[in-house]
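Build out the structure end to end from the sequences listed, making use of the hints.
Per UniProt numbering, the sequence shown starts with residue 1, numbered consecutively.
Treat each hint with caution, since some may be false.
In silico EDC-like links for lysine to aspartate or glutamate, alpha-carbon gap of 20 Å or less [unchecked claim]: (1) Lys71 to Glu115; (2) Lys130 to Glu141; (3) Lys130 to Asp200; (4) Lys51 to Glu24; (5) Lys209 to Glu154; (6) Lys71 to Glu50; (7) Lys46 to Asp27; (8) Lys51 to Asp89; (9) Lys94 to Asp59; (10) Lys130 to Asp89; (11) Lys71 to Glu24; (12) Lys181 to Glu37.
These are computed hints drawn from the structure, not numbers from a lab.
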Amino acid sequence: MNEHVKHRNLQGQLVAVGSLGEGERRDMWALMEAFYENVVPQTFAKDLEEKETCILLRDGQGRLRGFSTQKRLTLEVRGEQVHGVFSGDTIIHKDYWGSMELFAAFARHFLQVAEGHDRFYWFLTSKGYKTYRMLPLFFREFFPRRDRPTPAYEQALMDAFGSTRYPEAYDPAAGVLRYGKARDRLRPGVADAGIRQERDPDVAYFLRKNPGHVQGDDLVCLARLEAENLRPGVAGRLLGGAP
Numbered sequence: 001m002n003e004h005v006k007h008r009n010l011q012g013q014l015v016a017v018g019s020l021g022e023g024e025r026r027d028m029w030a031l032m033e034a035f036y037e038n039v040v041p042q043t044f045a046k047d048l049e050e051k052e053t054c055i056l057l058r059d060g061q062g063r064l065r066g067f068s069t070q071k072r073l074t075l076e077v078r079g080e081q082v083h084g085v086f087s088g089d090t091i092i093h094k095d096y097w098g099s100m101e102l103f104a105a106f107a108r109h110f111l112q113v114a115e116g117h118d119r120f121y122w123f124l125t126s127k128g129y130k131t132y133r134m135l136p137l138f139f140r141e142f143f144p145r146r147d148r149p150t151p152a153y154e155q156a157l158m159d160a161f162g163s164t165r166y167p168e169a170y171d172p173a174a175g176v177l178r179y180g181k182a183r184d185r186l187r188p189g190v191a192d193a194g195i196r197q198e199r200d201p202d203v204a205y206f207l208r209k210n211p212g213h214v215q216g217d218d219l220v221c222l223a224r225l226e227a228e229n230l231r232p233g234v235a236g237r238l239l240g241g242a243p
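Spelled out as structure tokens, the structure:
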């Protein structure tokens, strides 16, 4: 497995976790430690081994500038099996914020995977507003969202995900993972929401929905992965498809 897409001076490579070398694993850990508090190397290594694939983002000199881990999953919802992918640890060096390369590499691969299923969903947990903002930036339909309630079926999907993967942390009433102990969280100053960010209605919604994000709480989110659910122009700009 080895796929490349290039945008904005970063190149994304999707690889199997089992193929990662020791140097790559050290570089990934260094990024996590630089931008997150309360991270433990043993926990990071365990979480990484539980995933199946990883997107590596490198600059023009080949230095690792970001990564995101993924795992395919199947949930039992209303008597049927629903398939999807879960994004775990994700970080991009702040010098490259604004790059669309991570989503481009992710979507190019998993949109193809989704074609083999009637329905295929992207599950992600948003610890910061930058992660949440990917949803309104790239998708027509995603949840939760500020402009309308989450439909019952999508809520059932998120509840199944939260209660299955994080049974002790998931709060179904809030749709949030509350860990109740020291948890990895973004370091102060890394992605703080200032006045300008808070004027963005989607950011303001995230901050209201997940007020404990500064302590490391995660908002459970999802979007259906299919080309028709991408916002106009996304396929053309990032994936080389029709505009």
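Quick rundown of the hints versus the structure:
Of the pairs offered as hints, the one joining Lys71 and Glu115 holds, with about 17 Å between alpha carbons and a cut-off of 20 Å not exceeded. Note on Lys130 and Glu141: the hinted pairing holds, with a Cα-Cα distance of about 18 Å set against a maximum of 20 Å. Between Lys130 and Asp200 the CA atoms are separated by roughly 12 Å; this keeps the pair inside 20 Å, and the hint holds. A hinted pair counts as satisfied when its Cα atoms are at most 20 Å apart, and Lys51 with Glu24 qualifies at roughly 15 Å.
At most 20 Å may separate the alpha-carbon atoms for a hinted pair to count; Lys209 and Glu154 meet this at roughly 17 Å. Restraint check for Lys71 and Glu50: the C-alpha separation of about 8 Å stays at or below 20 Å, so the hint holds. For the given pair, Lys46 sits about 16 Å from Asp27 by alpha-carbon distance, which is consistent with the 20 Å threshold. For the given pair, Lys51 sits about 10 Å from Asp89 by alpha-carbon distance, which is consistent with the 20 Å threshold.
Distance hint between Lys94 and Asp59 is fulfilled; the C-alpha atoms sit about 13 Å from each other, no more than 20 Å. About 14 Å separates the Cα atoms of Lys130 and Asp89, which keeps this hinted pair within 20 Å; it holds. Between Lys71 and Glu24 the CA atoms are separated by roughly 19 Å; this keeps the pair inside 20 Å, and the hint holds. Taking the CA atoms of Lys181 and Glu37, the gap is near 13 Å; set against the 20 Å cutoff, the hint holds.
Checked against the numbered hints above, the structure breaks none of them.
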